[in-house]
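> Spelled out from the first residue to the last, the chains are:
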Amino acid sequence: MSTFAGLNTALAGLNAARLGLEVTGQNMTNVSTAGYTRQRVDTSTIGAPTQVSGYLNALRAGQGVKVDQIERLGDTFLEARVRSAATSAGFTSTRAEAMLAVEDILGGTGEGSLSSTLQGFWSAWADLSNQPSEVAPAGVVIEQAQVLSDQIAGAYHHMEDQWTASRDRLTAQVDQLNTAASAVAELNAQVRVGLAAGANVNHLLDERAQLAANIAELAGGNVSHNEDGTIDVLVAGNPLVSGDTANRLQVVGATNISQLPGQVAGVQWANRPGVSANLNGGKIAGSVSILAPASSGGPIATSAQALNEVATTLASTVNAIHATGATTDGTTGLDFFALDPSSPAALGLSVLPTSGDEIATAAPGQGAYDRSIADAIAQLAEASGGADEIWTRHVSRVAVDTSTALSQANLADGALGAATGAQLALTSVSMDEETLNLMTYQRAYQGAARVMTAVDEMLETLINRTGRVGL
Amino acid sequence: MITRVTESTQLASAYRNIQRANSELARLQEQGSSQQRFARPSEDPVAAGDSMRLRKEIAAQTQYGRNIDDGNAWLTSADSALTTALDLLHRVRDLAVQGSSGTNSSLSREALADEVEELRDELLTTANTQYLGRSVFAGTSDAGVAFTDDLTFTGTPGATVERRVGPDSTVQVDTDGQAAFGSGADSVFAALDRLATDLRSGAEVGSHINVISDHMSNVTGVLSAVGSRQARLDRQADANLADLTDLEGRRSEVEDVDLAKVLIQLQGQELAYQAALSVTSSSLQTSLLDYLR
Numbered sequence: 036m037s038t039f040a041g042l043n044t045a046l047a048g049l050n051a052a053r054l055g056l057e058v059t060g061q062n063m064t065n066v067s068t069a070g071y072t073r074q075r076v077d078t079s080t081i082g083a084p085t086q087v088s089g090y091l092n093a094l095r096a097g098q099g100v101k102v103d104q105i106e107r108l109g110d111t112f113l114e115a116r117v118r119s120a121a122t123s124a125g126f127t128s129t130r131a132e133a134m135l136a137v138e139d140i141l142g143g144t145g146e147g148s149l150s151s152t153l154q155g156f157w158s159a160w161a162d163l164s165n166q167p168s169e170v171a172p173a174g175v176v177i178e179q180a181q182v183l184s185d186q187i188a189g190a191y192h193h194m195e196d197q198w199t200a201s202r203d204r205l206t207a208q209v210d211q212l213n214t215a216a217s218a219v220a221e222l223n224a225q226v227r228v229g230l231a232a233g234a235n236v237n238h239l240l241d242e243r244a245q246l247a248a249n250i251a252e253l254a255g256g257n258v259s260h261n262e263d264g265t266i267d268v269l270v271a272g273n274p275l276v277s278g279d280t281a282n283r284l285q286v287v288g289a290t291n292i293s294q295l296p297g298q299v300a301g302v303q304w305a306n307r308p309g310v311s312a313n314l315n316g317g318k319i320a321g322s323v324s325i326l327a328p329a330s331s332g333g334p335i336a337t338s339a340q341a342l343n344e345v346a347t348t349l350a351s352t353v354n355a356i357h358a359t360g361a362t363t364d365g366t367t368g369l370d371f372f373a374l375d376p377s378s379p380a381a382l383g384l385s386v387l388p389t390s391g392d393e394i395a396t397a398a399p400g401q402g403a404y405d406r407s408i409a410d411a412i413a414q415l416a417e418a419s420g421g422a423d424e425i426w427t428r429h430v431s432r433v434a435v436d437t438s439t440a441l442s443q444a445n446l447a448d449g450a451l452g453a454a455t456g457a458q459l460a461l462t463s464v465s466m467d468e469e470t471l472n473l474m475t476y477q478r479a480y481q482g483a484a485r486v487m488t489a490v491d492e493m494l495e496t497l498i499n500r501t502g503r504v505g506l
Numbered sequence: 235m236i237t238r239v240t241e242s243t244q245l246a247s248a249y250r251n252i253q254r255a256n257s258e259l260a261r262l263q264e265q266g267s268s269q270q271r272f273a274r275p276s277e278d279p280v281a282a283g284d285s286m287r288l289r290k291e292i293a294a295q296t297q298y299g300r301n302i303d304d305g306n307a308w309l310t311s312a313d314s315a316l317t318t319a320l321d322l323l324h325r326v327r328d329l330a331v332q333g334s335s336g337t338n339s340s341l342s343r344e345a346l347a348d349e350v351e352e353l354r355d356e357l358l359t360t361a362n363t364q365y366l367g368r369s370v371f372a373g374t375s376d377a378g379v380a381f382t383d384d385l386t387f388t389g390t391p392g393a394t395v396e397r398r399v400g401p402d403s404t405v406q407v408d409t410d411g412q413a414a415f416g417s418g419a420d421s422v423f424a425a426l427d428r429l430a431t432d433l434r435s436g437a438e439v440g441s442h443i444n445v446i447s448d449h450m451s452n453v454t455g456v457l458s459a460v461g462s463r464q465a466r467l468d469r470q471a472d473a474n475l476a477d478l479t480d481l482e483g484r485r486s487e488v489e490d491v492d493l494a495k496v497l498i499q500l501q502g503q504e505l506a507y508q509a510a511l512s513v514t515s516s517s518l519q520t521s522l523l524d525y526l527r
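Protein chains in written order, with the numbering used here: chain A, 36 to 506; chain B, 235 to 527.
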């Protein structure tokens, strides 16, 4: 056994304790860092040297402690669970947000809503039927018709704006995804190099896991870990990140709601244009489903189509009756509403009469102040298949769809909370635990230092005092 | 594996609970201040559908109420006009009876004829009664009078002014002037003209009494028809009021919030929120570091 073996053993202990203190310090200072996974020093004992010759028969002690690695206490299964929960949470929350916005545009059921304006319109016709000769009720009918067509057009414009805003958000989300993917690819390269050189790459792994979670929230996907420490991210079966290369997605298709349903807004791979990326989860898929045309259930397009239907039905049902009636001077065949064929019905609805003389209230031949036509138009409020019924049914359907989307979003949010909680329970830093570690390593350091002092004194006695008997 | 509890998990859980208490508090405050049970249809789709349907029915019933009031005014003016006409015709008949006795001098016959003519003009004015610019006895006509000076009836036969008092029911509110007063040469005015002429010329006027009695029974018949329509409108008005009250009650049940209940829930929720806050603050403060030298 070497004379200085004890010193080496003590030195190994000092080094290990100091490294342990440093790692504990790293953990403690990062207690509130988002995405930080706690680290731990793994040590193992160094055994006694092997017997090389039979002459020196003395037993030997072990040679101290060595640090195997600084372990990052993450768990790939918990991370995968968080990713898949984030995917559904992203999808449902995007859909719920957009549908709430659409419901706000449609207005509620009380005063100021489209259904109350429609009621005001039919009431104005009923009042006109009571007093077809007066100027004021005729003026009210024309004004209410104007308010109605303005409100329908206003709601349609809001739908257009909402669609465009959602498309802009989709573009921003795809940009975010591309940025995250290229960052992951870069980190992959750094991790591979670092691990091959034996360096501590735990902070790179933390950053990469955060980015992978962001990617999952945006687009879903699976992560597979490779032998060399890199990860591959597969989205809808196609590789988004493969080693140190990243592929890009891009947004294509309609840029305005009026281009639906001929062109549909969607997401494609940049290196494979013409083929839809077919994402089935995450915020991007949620945005694409919001922008879908009415035939595929896209909420914005469905509401826009309902507004068009209301305008068309209003015009056709009122005009059909109005044309059979006569004005006070006997003219028949007049229309009340006009529809501009070159624009969507909701925007192209306009009121033709400008004064009471141009409103047909009487049935022809029943006297100039007959009001049966005005009464028949007022009764359209109750007509089945009429504008009121279409609107009421649409508002109810939107209410049900929105309420469903909201509860789905809440459920997904709860699942994400639970998954994140489970992950945090493993990876987050507990100050109490780190404080105990601190105390342990401190004592270990003190102990190793004592051993070193003891061996040092022993050697001093041996070297300086040997042979000096009695001196 | 036993779940590890760290500062992060405690904070996350505390935040979640405080946020949940807070959002419930905000919802109750919104309900209490707006008095609405739901602020948007998606919070309660079934109630939203009911609310739309009830509001539509309320609007329709309110309109019917207005129609009933308007119709009542029409029928009341027709009623008073016909009653006046009846009184005038009574007086004319008395004059005719007086003139048919043989003891009249030409001067007194002249006076009778003058009075008959005055009564005839008054009767024509009564027949041309207007309500809000419309002829009560020729509702759909825009001529301004029901009978022109040459006694032509300006109304269209078979055309009526109706007021809608229910989804499928209407009430006629004008009166057929032709049925009450006749028209042209058969009208009561022409008959009175002939009576005046006969009185002046000294001819026998006894035959006129029956003619006037016939016209009076016409007017009486129309008056009773107006009366029955008024009775129907009154019944309809009662029914309308009852419907409106009932509908308003149902609408309030669906849309409005029970204020007492909301206030109690609000108190309870405030307590829950305060409890969450105080528990969080006391549990996050202590750690091992406080107890080491």
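Misleading hints may appear alongside valid ones.
Here are the computed distance ranges between Cβ atoms for each label pair [said to hold, decoys possible]:
| id | chain 1 | residue 1 | chain 2 | residue 2 | range |
| --- | --- | --- | --- | --- | --- |
| 1 | A | G155 | B | A509 | 37 to 43 Å |
| 2 | A | D185 | B | L511 | 38 to 44 Å |
| 3 | A | E344 | B | T404 | 28 to 34 Å |
| 4 | A | G365 | B | S451 | 35 to 41 Å |
| 5 | B | T237 | A | P308 | 27 to 33 Å |
| 6 | A | G449 | B | E504 | 58 to 64 Å |
Hints in this document: simulated from the structure, not taken from any laboratory. Glycine included, every Cβ here is placed at the ideal spot set by N, Cα and C.
> Taking 58 to 64 Å as the stated bounds, is the beta-carbon spacing between A:G449 and B:E504 within them?
violated (24 Å)
> Taking 37 to 43 Å as the stated bounds, is the beta-carbon spacing between A:G155 and B:A509 within them?
violated (49 Å)
> Could you say whether the range 35 to 41 Å given as a hint is met by the Cβ separation of A:G365 and B:S451?
holds (37 Å)
> Is it true that the C-beta distance of B:T237 to A:P308 lies inside 27 to 33 Å, as the hint says?
violated (48 Å)
> Taking the Cβ atom of A:E344 and the Cβ atom of B:T404, is their distance within the range 28 to 34 Å?
Between A:E344 and B:T404, where Cβ atoms are some 31 Å apart, the hint holds.
> That 38 to 44 Å hint for A:D185 and B:L511 (C-beta), does it hold up?
violated (48 Å)
The structure does not agree with the numbered hints 1, 2, 5, 6 stated previously, though it agrees with the rest.
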